[in-house]
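Chain Y: place on chain L using the hints.
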Amino acid sequence: MGKDKDVSVLFPSVTSFPKTNPTSTCSTPGRYGGRIDLGTITQHNLQQLKRLNQVVFPVAYNEKFYIDVLHVGDLAKLAYFNDIAVGAVCCRIDTSNNQRRLYIMTLGCLAAYRNMGIGKVMVDHVLSLCETDGKMDGVYLHVQISNDSAIEFYRRFGFEIIDVRENYYKRIEPPDAYVLQKTLRGTPPKPLSWPNRVENGVDVDRGGGVENGIEGGIEGGVENGNADNVAEAPVTPVENGLDKSNISEQTLTDNCVESTD
Amino acid sequence: MSSSTTLPTKENNLFKRILKSYEHKQYRTGLKFAKQILSNSKFAEHGETLAMKGLLHNYLGQKEDAYELVRRGLKNDLRSHVCWHVYGLLQRSDRKYDGAIKAYHNALKWDPDNVQIMRDLSLLQLQMRDNEGYCKTRGRLFKLRPNNRINWMGYIVALNLVGRYKQALAMLEQFRKLQFVDTEYEASEVLLYQAQLMDEAGRPTDKVLAFLSENQERILDKLSFLEFQGRLLVADGSYQRAAEVYNQLIDRNPENSIYYQGLITSLRLTSPEEKLALFAEKHSRYPRAEAPQRLPLDIAQGETFRTIAKLHLKERLRKGVPPLFLNLKSLYEDAEKLEILESIILDFYKNLCSSRKFEQSDDKLEPPTSLLWTLYFLSQHFDYRGKMDRAVGFINDALEHTPTLIELLMCKADVLNHCGDPRGSVRCLEEAQALDTADRYVNCECALALLRDGRVDEAGVMVSRFTRDGCTISSYLREMQCMWYETKVALTEKRSGHLGQCLKACHEVDRHFVEFVEDQFDFHSYCVRRLCIRPYIEFLRETDRLKRHPFYATVSELAVSVYLLLHRQPGLRDRKPDPTPEPEAARKAERKQRKAAKRKAEAERQRRMEEERDRMRKEQRDRKRAVDSGETESDAPKEQELDSDKLLHTETPLTDALRFVNALREFNPASISTHLLAFEVFLELGKPLMMLQAVAAATRLVGNHSGLNPGPPDISALHPGIHRCRILFSHWWRRNSDSLTNSDVSEMVVAIVSEWPPPYRPDAELTQTNEDFLTRTPDSLAVRLAVARTTASLAPESGPRAAAALLFDWELDKVRESANSIIDALNALESLENGSLGELDPSRIVEFKCKCRSLFPLSTCFNADQDEGTDDEEETPQTYQYLNGDYF
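Read top to bottom, the protein sequences are chains L and Y. For the first sequence, counting from 1, position 144 maps to 144 in this note's numbering; every step adds exactly one. Position in the second sequence (first residue = 1) + 1000 = this note's numbering.
Extracted from the complex, chain L is given alone in its bound form:
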């Protein structure tokens, strides 16, 4: 580290300022008078992403995950609440099945900051990326089948369950995952029905949020991952399809219950 020759190490205050300034984009008002911003991930604040993932997800992501994240531009963002990094979203572009889709690898935020609207800001960001791109067929992710609040959260953005992957997760129970997708172009696959719990309005208890947050997070096993996952990350099972989500959702879920009813 000390021998890093990158100029930004020598003059970090100059080169890193515009990159790390969380308020460089327009703040979104969050709940309770908080401000929400998205900020770029750089080598200087990468550790914040690691720390967040460590706390929010029960899984350790490998070094390659973090190296890649530095080079995907807007596909990876830190979320700031009142100027403090409290969440992050990391995506990549997936071209399997002759489709061009955005795959949400992780999306999460610290438990204390859930229900502030941070998750919505991140999903909105992802959707606006697709819109700007114009050639995306859809956005998809994996979610543990027991993670009701996450499922409900994505449902409100127009995601559908298009598949179930059995034994997608290696070390957590239950090991099965839903594939959630929001189709943007073309014919959407025929959606499976929502789990009853969610459909019926859900009793996601508050304490459960964390549980969901963590378990929901989960990575995908390589075995289950699709071909490009394997190609990209042959080494670790952890690395590919992590979908995490759940995040701020749990009160969003509450809200949603009210509004959708």
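Honestly, the hints are just simulated from the structure, not real lab data. There are no misleading hints in this set.
Partial pick of chain Y residues on the chain L-facing surface, computed with a CB cut under 8 Å:
id : residue
1  : Pro1367
2  : Pro1403
3  : Thr1437
From the three backbone atoms N, C-alpha and C, an ideal C-beta is built for every residue, glycine too.
Just chain Y now, with coordinates in the frame of chain L:
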């Protein structure tokens, strides 16, 4: 030319060309001409040419040749002003200013009206603060060349410095009439200077005010004008106008608290209510200004304070103001305010946890960050109060809540450090700095923590992440005059027993201060030329006070105490840096040491590589420069790299210490340790009157316990340092008074000492006095240490064991209750380890550490093995298990 030997035309022309080359810094060319003259056997010993040749050599870095040539030249032509002038220049370039001044005076003897020499002389006189001499030289220059405005202003400044205000003002008045100024701004500065001079000269305030008003239009520096005017109006009693001025100033800058004080004085507000009303008004007018919100907290009391403080805290906790605690810390000196603040913040905490509001009556819910900043504040609050378990608890809660906030980790590092856990402190800061590697402040804090933990090499690696490429860490830090670092290195090295390294760091800092004083030189001519006289005069006065700086005081004290150690225990010089590990921990320690050594070796290897690379680059650069210009020049005398070994093996530790002692006495007379250290040095030098002077000065500082009041002296109230000094003095006097030949001294000593309480006089049972002192204040570690050191000094042969025993014979509970700081304990430990209490069995040191551990249960710095438990653990970042529902 008064020179005895004059050259014929041809050689004379050559000589002129030498001078020209010198002025243009073409030193090698100059040497060629000199050679041409000297090769003529008739002029081979021509003094002025030899002298010039020497000067040229000097600038090419050949010091020895230079001195030899110049001296030879001078000997050959003692009546030449050129030779003397050259001799002066040569010495000046070596910073031998006294010699240079003498040489210039000699030069002027042979050429009294030489303006160039006079100018050089005047600069040196000012640099040496020979103000009278400066004034005289300036006066002559003025008379010789009265058409030059520099000569006018130079003389005016000189008159100002020696306090001849009347003449200075008269000249300044004349100066303005002569239309010397080029720009409106210069004119404005001269006017302000004149007003300042009038004020300094004690002219009536109304005269100065009238002068300012007359010239108001032409004074461009409105800020200085208003500040000056406001101050004068208050002094003059023109309160109404003063209030107007201060209102204007506040309007310019609503954050300057001095303006508010000025306004309060001008409005003659006395009651807190009036003042608070004023601040309320200012706050509504400048809603974003912090000062009108913060200052009322200083004034308000009781319930008013509670109301204001609540609002103040609430807004800032909601907004997230990291230095909030720091901004309020000064209020903590007031015990009542401390209690109020504590109750407010604990209330906030309770309410936030239960209902997400600061107060039940609030109408809106708070964002999660409000709780976060409240926890942060709570931790700092309890840290301040010394309730370390609560401080640790709150900061851990905060980190569980939000593990990504760097301020929290820095706060935890502070808390752990105060607990005596420097290693834990380092871990926090390492994590903090990893979270934002672009933050140099955090990087520096981390380096500081490493130093506190005694890891000098690693600290260097840490700061090097921000240093320039191709430069060793130490040379970079030296060049940047990075004194916070060097001071801390000095402290650390002394604690670790690396006395040579400590001295080296102390001397580095000392050199910076020499450098600061040197740096004035260029300003003497520049400021006068540019007519920025007001700041210049202030700059001169400030430079004279520079060594009051805490950095200088710290390294001076360290240097003196190290020199004392070296004098008293010459054996320390050859002591191995790492003391032998304690038997029971030996095996473990060995492993740790190997590891540490490996780490060290790696750092060292890296450093060497860097130094090597640095050197090669520099050589390359030098070669390149030499080729480019055909010259190499050295403007400042090359400082020799400080050698810690050489410093350590000084033959004259006391003389070396004396320099620092004198600086301390001059610049830090208000610090008691100045006088206590001075006493020790004078004791070793055997100077009774100086010893007594030091004791008296220290006594004055801590209040009078000298026993002048009749009645039984309460020796337990005596400062332990003064206790030691008096005993040691009387002890010394008993053994040495007979050998004193000067009876005046004896009489004075007897007169002074007879005013001390009887137990401290030379005829008393000093050992008993010392022991009594302990029995009366048995629970203070500082007292114990002072008594132990005194015992060791009184009876060096049998003392050590007894002395050491004093450090162990505590009743833990009682000691715990009295206010003992970790610093006291560390000082005691250091004395045990460096052998100043006599050689001890290592097991006793371990025993002492154990006692300290039970005294400071959260500490790790007294672990038997310093490396305990940290190296083995892979540095896994702790995972903060997040628990939802804890707070909401």
